[in-house]
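Undergrad: The chain contents come next:
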Amino acid sequence: MGQVKSLADLRKIKEELQGKMSLREKSNNPESLVQVKVAMATCGIASGAKQVMDFFIEEFDKRNIQAVVTQTGCMGYCFAEPTVEITLPGKEPVVFGYVDTRKADDIIEKYVKNGELVEGIIPVNYETIEKK
Amino acid sequence: MAKYKMHVLVCGGTGCHASESDTLLENLKTIVADKGLDNEVQVIATGCFGFCEKGPIVKIMPDNTFYTQVCPADAREIVEEHLIKGRKVNRLLYVDPENKEHISDSKHMGFYKKQLRIALRNCGFIDPENIDEYISRDGYEALAKCLTEMTPQQVIEEMKKSGLRGRGGGGFSTGLKWEITSKSVSDIKYVVCNADEGDPGAFMDRSILEGDPHSVIEAMAICGYCIGASYGLVYIRAEYPLAIDRLKTAINQAREYGLLGQDILGTGFAFDIELRYGAGAFVCGEETALIHSMEGLRGEPTVKPPFPSVSGYYEKPTNVNNVETFANVPVIINKGAEWFASIGTEKSKGTKVFALAGKINNVGLIEVPMGTTLREVIYEIGGGIKDGKKFKAVQTGGPSGGCLTEKHLDTPIDYDNLLASGSMMGSGGMIVMDEDDCMVSMAKFYLDFTVEESCGKCSPCRIGNKRLYEILDKITQGKGTRDDIDSLRNLSHVIKDTALCGLGQTSPNPVLSTIDNFWDEYIEHVTDKKCRSGQCKALLQYYIDPENCVGCTACARNCPVNAISGERKGIHVIDQATCIKCGACLEKCKFNAVFIK
Amino acid sequence: METIKLTIDNKVLEVAKGTTILKAAKEAGIHIPTLCYLHLKDLNIENKPAGCRVCVVEVAGRRNLAPACVTECTEGMVVNTHNIRVLNSRKTVLELILSDHPTDCLICAKNGNCELQTMAQEFGIRKLHYEGEQSTYREDTSPAIIRDVDKCIMCRRCEMMCNEVQTVGVLSAVNRGFMSVVAPAFEMNLDHSVCTYCGQCVAVCPTGALTEVDHTNSVIRALADPTKTVVVQTAPAVRAALGEEFGMEPGALVTGKLAAALRRLGFNYVFDTDFAADLTIMEEGTELLDRLTRHLNGDKDVPLPILTSCCPGWVNFFEHQFPEMMDIPSTARSPQQMFGAIAKTYFADKINVKREDLVVVSIMPCLAKKFECQRDEFATNGNPDVDFSISTRELAHLIKQSNIEFNALPDEDFDNPLGESTGAAVIFGTTGGVIEAAVRTAYEVHTGKKLEKVDFEELRGMEYIREATIDFNGLPIRIGIAHGLGNARKLLQDIKDGKSEFHAIEIMACPGGCIGGGGQPLHHGDSSIIKARQKAIYQEDANKTIRKSHENPYIIQLYEEFLGKPLSEKSHHLLHTHYFDKSKDIKVVE
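Going down the list, the sequences are from chains A, B and C. Under my numbering, the first residue of the first sequence is numbered 1, with each subsequent residue one higher. Under my numbering, the first residue of the second sequence is numbered 1, with each subsequent residue one higher. Under my numbering, the first residue of the third sequence is numbered 1, with each subsequent residue one higher.
Simulated from the structure, these hints should not be mistaken for laboratory data. Here the structure is a predicted model, which is why all the values come from computation and not from measurement. Don't take every hint at face value.
Claimed, not checked - One side only, chain B facing chain A, incomplete, derived with CB under 7 Å: (1) D63; (2) K85; (3) R87; (4) I135; (5) S136; (6) A144; (7) L265.
For glycine and all other residues, C-beta sits at the position ideal for the given N, C-alpha and C.
Just need the whole structure built from these sequences, with the hints factored in.
TA: Here it is, written out as structure tokens:
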């Protein structure tokens, strides 16, 4: 990195750098953002969860949606892998099954952007330690 | 450029460092690389998270998992379970002491709930050795704003409006100090950062320098702009090697980026910073002593006035601020004085960092808004008293402060309230004492410290504190009289009245405040020759309960001074005149026959 | 001048801005006791670390008490110097100091002359309310000065003298807290440091922490030894100060009584160092003219300026600090040593006494003289030219011990041949005197003309660095004068940097010259005493019939009978010396 010669320089650098840090910044305040949890246990990975997760991360970035994408363990819906849990700010989490990149695109466009549900919702929720 | 999916933040503060967090960091990095995840997972060292009691701390983002007491050996499990499989490692999660539940997100932990981190905003969040991470969090934005959009006077006004007061202990208005220095006419002026943190148990300055060195650098440059100085000095204790390293790295990075040096941001403003090492003398935290030490002289205070803002380093106007004070500055500029002034109490604005120590569950570094009560700090953040014991007192302000008791628990903490209660803010040390602590011994402990740390320049401090210590020692030895308590009082007042610098003027505070708040304990020591907490060994007497003694002779055999007599299978007796109160008999007796009275 | 109105003890005062409470009170006739504070007004020396805290006063509206010595008056200030709070604090502080001070007053060297003792007496201290451990240190005895720092009260006067005035830098505070004390670095012994033994630390020490090595017993023993012939010489500055020890006004001249007292003490011959001062002028003046002439004749290797060398503190100073400039000072020995060398050769032969049986005692205003007479180069076969050097103070003790009522003594003369002296010799005792004496002789020798006026006012005074140009019949001779080693350092630095324009420079280690020497009666901070002594010295000069060294008949006789001429081989052997590079002699012991 070269010298910061002016305020404009500084702001430019900052913008470039913020992408790198956004993951940490966002996770400080996930409640106000779209939270996506991709089940990344063996079953999930075998069914392509990794590609799905990458897709979410990249697409949110491209489509300028403030979201936190995290991985999580097996949700127990191994039959429906890859499974993804989406929590919109202020709403209950919703779990989608059989998510591939095409479906992920659908979820982003319909559910995340407009709150329209898409096919493949797994209606049964589960509890985590924190929610006990 | 790798787009990381996960960030693993490992605490690199001195506390966690001492518990091998550096090895842990290396292990994590190696295993992540072995698993081929180094393009997806970024592992970095950060500054202190503050929760030192539970260190080493590892935080995983974005899922905000807060692992405590992580050993180097835990690295594999974290990588394999959490990073790869997404399963949190439960055994490393914080357990709520109340309901025994595992808490994964630090936000839900009592320790963090009430905190508001301004000075510590970046500690435990960014990599202190990476200026980019600082910049990405508005770093140097405040400096840029000052240099390009504000006049020095406007910045000073903003600082004054914010109500920020010196965090080193004095509590003098920072804006006003800057203004006075800016008005001193001189060809050369200096900005000095006082990083000679010396209160026993206090480590907020170290943490800030270790965790967010750029915030101090940026603030010093802003101060330089305001007062017309192009030269800054950080006086830092040589015992802070990690802070020194990080600060040096940060200064070099800032120079590379042109944020220190000539013509900063094309504005023509020049500023650079050098380090000066202190040899660990408490008195060098006093600004005139600090300046003399920097000049290569003996670290001794001189009478003020002249204040350093008029005549300081090499007799040039010098603005001395403490690390924590500086750390607040960029935020004030970025978010505005009004925002800052909205936090805190009427006369004490913003937050204050405290180092919680002593008999408290959550030992560590915390930052709370001014006006938070001692009760909130001790019970909610600090998690209450260790081992369910009873709270007795809390010493604030270190050796210069006093101890506060039960009746002060609901006092909102700010400069003036603490002073009115007979203590002081000091640099923010907070040592909690429980029923097992003897208050006379506590006063003695602090006097021992001040006697050791006095520079010896003025007679009341050099000799008076020694005499205070000797009287306290006499009392804890069971040889004190009522007159001794009066002597303590008189001498304390004279020392406060006549000592040269802040160290001497405040050194009797622990004595006076314990006499005021724990008069009964003093009286017990001198008249009943008793120490209720059992801390004053000389006042204890060991006895053997004839009911329980079976005559096993274990006590007599282990007594180093043959103070115990008795036949085998007969009842044993301790000769009080010979007993040295070592406690060996108590330890050896298997029948609970030995007791202390 | 901007003034300030304030009230001290209900008196309304108007003082100049910047005046301290202490000075304002003094002007108003209010005495505020001080201990660490020292102000030698005429020498422009001030010590105000505000460390002892004895001078605290109450300032209305101020949280704590204010040290009067450094607190400046402000408009409308209301000061109380003796209410109960102030008196209690002051007394407690003094009691604290006393609680860490040995109580061997009766056998202390400063008994009766100790500022701490006086203050305890004034305060009416009868009981110490706070007693405890005392800080103790190793005693350090050097050839001239004893450091018994158990008695140090950290007033820092010695430190200020050693560092700021003398720039020798041996003494400074070491250790922390209760064990703080003023000492050489690493608590080395003085004789392993660059100490010059100027004794200015001793001159200002308020207690018995710094005292001279006492040789009075050795003198008494020599006087009692029937096999010894004991000769005494007394330096010019002694006669202008000794009277103070016997209650006389500062500046009282006691030359006659001094000679009488020495005679009654039992010295076989009562001589005068002034005689040797005249001899010094003959040698040093000739050396000056010799160097000057060679220089004027184009010999650029001849070092100029020439520096005087009669002050032993100064000699120690340049041997330690400016070893590369050792060819600049005159090689002439000091008057004390010239006297010793002549006494143990010329005079011993004259009275037919073997060198070993002749004891030479010197009475000096100086402590460095004690060291000087112990230098190896001033001894023959281990027998020193001067056996014992005692200070003015020690002489006073000796007189008191010997039941001599000094004030009732008649005026007597010195013995001959080594007791006759001129006015030029007397003024050796003050700053500027040596060079004035040298000018009187050098002028006449160089120009061959008689000086109409021997008083060179332009060379006199108390200014630290003075310069004057003396017209040597068309040849302007540039003279420099410095007293106090810090000022000497400045002139030396100029020479080193090639900026000096002087032909000759006089240097005296002590402020004021020998009249302010480390062995003189203690001035206790009153510098007017030193001025009065200076006045007395010039008075003595004016009273003399012969005022030029080369006109001293016994000097003329000495050259005729013994030495030949100045700078002769015999002179070189007996009256000149060489210097040693001592810059690397500093060693850390233990």
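Undergrad: Hint by hint, note whether the structure agrees.
TA: Status of the hints after comparison with the structure:
1. D63: Constraint on D63/B satisfied, holds at 4 Å.
2. K85: Check passed: Cβ of K85/B comes within 5 Å of chain A, closer than 7 Å.
3. R87: With a minimum Cβ separation of about 4 Å from chain A (threshold 7 Å), the hint on R87/B holds.
4. I135: holds (5 Å)
5. S136: holds (4 Å)
6. A144: holds (4 Å)
7. L265: holds (5 Å)
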